[in-house]
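Here the protein sequences come in this chain order: L and S.
Numbering of the first sequence is given in the UniProt record's numbering, commencing with residue 1 and proceeding in unit increments.
Numbering of the second sequence is given in the UniProt record's numbering, commencing with residue 1 and proceeding in unit increments.
It should be emphasised that the hints constitute simulated quantities derived from the structure, not laboratory data.
Warning: the hint list may mix true and false statements.
Copies of the same chain look alike in the list, so a pair counts if it works inside one copy or between any two.
[Said to hold, decoys possible] Each computed DSBU-like pair below joins lysine-lysine, with the alpha-carbon atoms no more than 30 Å apart:
no., residue 1, residue 2
1, LYS200, LYS37
2, LYS395, LYS56
3, LYS33, LYS265
4, LYS86, LYS37
5, LYS321, LYS398
6, LYS225, LYS399
7, LYS225, LYS344
8, LYS321, LYS192
9, LYS225, LYS398
2 protein chains.
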Amino acid sequence: MESDYSSLLRPDLANYCPASNLMLNEKIRNLRKAGEKVYHLAFGQSPFPIYEGATKALCQHAGENAYLPVAGIPELRQSICDFHCKTDDLQDLDPEQVVVGPGSKELIYLLLEVFNGDVLLLSPCWTTYKPQCHLTRHNVVVMPTTMEDEWRLTPDLLEETLRTNDLHRNKLLILCNPDNPTGTCYSQHQLKQLSSTLRKHGIVVLSDEIYARLHYTDNHETIAKYYPEGTILCSGLSKWASAGGWRLGYCVYPRELDPLRCAVKSAASHTYSCASAPIQYAAVTLFNYSDEVQEYRAHCSRILQAVGTYSCKELRAVGVKVVQPTSGYYILPNFEVLRKSLSKRGITTCTQMCEALFEEARVALMAGGPAFLRPLNEFTTRLCVIDFDGSHALKASKKLGLDVPLSEEFVKEYCGQTYDGIQVRHKTCAKALPCV
Amino acid sequence: MESDYSSLLRPDLANYCPASNLMLNEKIRNLRKAGEKVYHLAFGQSPFPIYEGATKALCQHAGENAYLPVAGIPELRQSICDFHCKTDDLQDLDPEQVVVGPGSKELIYLLLEVFNGDVLLLSPCWTTYKPQCHLTRHNVVVMPTTMEDEWRLTPDLLEETLRTNDLHRNKLLILCNPDNPTGTCYSQHQLKQLSSTLRKHGIVVLSDEIYARLHYTDNHETIAKYYPEGTILCSGLSKWASAGGWRLGYCVYPRELDPLRCAVKSAASHTYSCASAPIQYAAVTLFNYSDEVQEYRAHCSRILQAVGTYSCKELRAVGVKVVQPTSGYYILPNFEVLRKSLSKRGITTCTQMCEALFEEARVALMAGGPAFLRPLNEFTTRLCVIDFDGSHALKASKKLGLDVPLSEEFVKEYCGQTYDGIQVRHKTCAKALPCV
């Protein structure tokens, strides 16, 4: 036998696809490098520079070359506990409960790798949870939420799901709050209600709160407060600290779930070893959450609020349905209003709609549909509002001061590329689709 | 039902242990912090500082905050290809074949996650391969090598293994060359012979060459040269560039194994996303492999040669058997000579022997036995020769210049802690074990 390397892959991974958001971003990055003008409303990456004190700290620690403790250096884990005490009023966290890794995505993945049971996901949901379940061979149950419920999980939906499915005794719910792709958050009341249902059924919650500190009015609520014994809190630096490329995330496990934490830590020791050492030392500066860091955060999130609110308003003006976002970069508009005109052009899926928009006007949106666990013939799209020069906008916001609210003029002047993208989108639709 | 979180773990992970090397290192780090004097001959982490030009580059790129292409930035992948052209005479590498990740360990793990077939390991072997196979649910076949063969895989051993085991049609061999834990390397002749057996059976090779650039005489040979179509070459910055804590590794896939590379890239996009951005930019400086970088490498590896050779000589002087290392930090001495005296004290395993040595003399060695896939009653131990101030030694070596060979006096003066550890080890043995 010579060189027969066919079928070396796990058969169930034959059509395994890379993360659609990262791939689309690479494609657009290359087009732009080649000189093309593209309105990139498809990728959720912070437009802002990293807080200056943190880059200085990284510089100071550039020579750190040792393998660090698998779960992260003690001072970093302590600062993460202090941070959640300040921001979420979680009082009793112990650094021992924290596992730091190269991004929260990696940590969710390792949790799934060691977890024994079924996984409950919402629809719509972030594009990576399901492929992670696929890679780790989990049975997944998808719970379809509705725009009327602002895409939230309700106790009724959860109860119905449990009643109508024959599930493993162990269940892990992945809850994204604030949500990607919808920008929706849960209220205290909603979380309390959910908690009692989750507690009743002994369901473990992975609460992905990566957008928590980008809540527009800094009023994020965590389910860890109401369901502490069953909640694994997951977050990182990618969003509020604009440090996606730094790759630093963490999970905080309740003591009740120590066996899971220990197994994840073991798996971590055999996979990523530790998060990058210079990055860990620099991250302490951010989690110390000084007044200056908090001010940085406040400026970033109010700029996002301004541009998010503007985008929402413009979409609604032409009959597009969309839930008002309260955090983060994303909205999930539904272009059902265009169905008739699109159908005349032979366009019946959100993928086709997004392709047409990209071909005709170089406005990139991420199609809803299966990637977000939505039906293909639903005209939802994930729209990211962050295609602008964040450094420029941040400077302008600082100059105005936090007391002066940001106007639509600010959005036009400082978030121009997103502003223009929304405008171009409308003009194109109006031309191609006379009903708008 | 309330809060019943028992058995949330995969049943087969009930006794899943963290990487024994990392755990032992954490334990000793804590003892030292508490003021204890410990001779740490148990952990293989470069004692040298990172090349200055690379830390400067990291500083310059501290503000890089974007998610980068999943497989790494193009300039880094290009520099890795150029590097292997220079160092290994691998001429036709294409950046497309390279996947960069947060450490080579993570990349081996993801390869195992997507690979469909059995895994062939050697005994002794690095402590992490088997736990990775466990996590990814692979059947593992262990091939016991012998000290007579200098712990190398031979074509005969491979053929016998295939003949006497009923294996999956797909097989992946993990070959560590230069080897951890034995310091053994393969010659051109040996690799050619192995290649024809591997080719005959269509076996994929993961060639872990993380210690290649620490070959004492810079004469490393890679199997990728003789078996290009079936070899995945794996390496990183942890060893020769003293950047273990930076977390940057890579795999180079042959075009013939593109389906595996693509699946790993997809898995990467759903797990670590990309290696840390500032680290990636800084790494280019190292892979450009300037004269200055090469000189840095030459000084580091000749210091390791001096201290490795000294340690070997001292051990042999008291009848301990050990293969002369030709690369890296490790040797795998066998203390069989002590069996009788140890047995009088009730010590019959290498673990007990190492525990006694640690308790009585604070010399830490990693016991052989099951962690390295060796029998528990064999008195092999992994000894790392790098417990000294590498910055100090590097300066002294530079001052001497590369033309002046390093003497045993150099080892005594600049690698003092390892030197002392070896001496203390002997005195303790001599006292406790009159036969030595």
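To see whether the hints hold, each was checked on the structure:
1. LYS200 with LYS37: Result: close neither inside a copy nor across copies, 53 Å intra and 52 Å inter.
2. LYS395 with LYS56: Both, since 19 Å and 28 Å are each at most 30 Å.
3. LYS33 with LYS265: between (40 Å within a copy, 22 Å between copies)
4. LYS86 with LYS37: Neither. Shortest intra-copy (43 Å) and inter-copy (39 Å) distances fail the 30 Å Cα cut-off.
5. LYS321 with LYS398: neither (33 Å within a copy, 69 Å between copies)
6. LYS225 with LYS399: For LYS225 and LYS399, the Cα distance exceeds 30 Å both inside one copy (36 Å) and across copies (60 Å).
7. LYS225 with LYS344: Cα proximity of LYS225 and LYS344: none, with 51 Å in one copy and 59 Å across.
8. LYS321 with LYS192: Answer is within: at 28 Å inside a copy they meet the 30 Å cutoff, but 66 Å across does not.
9. LYS225 with LYS398: neither (33 Å within a copy, 58 Å between copies)
Of the hints listed earlier, those the structure fails to meet are numbers 1, 4, 5, 6, 7 and 9, in rising order.
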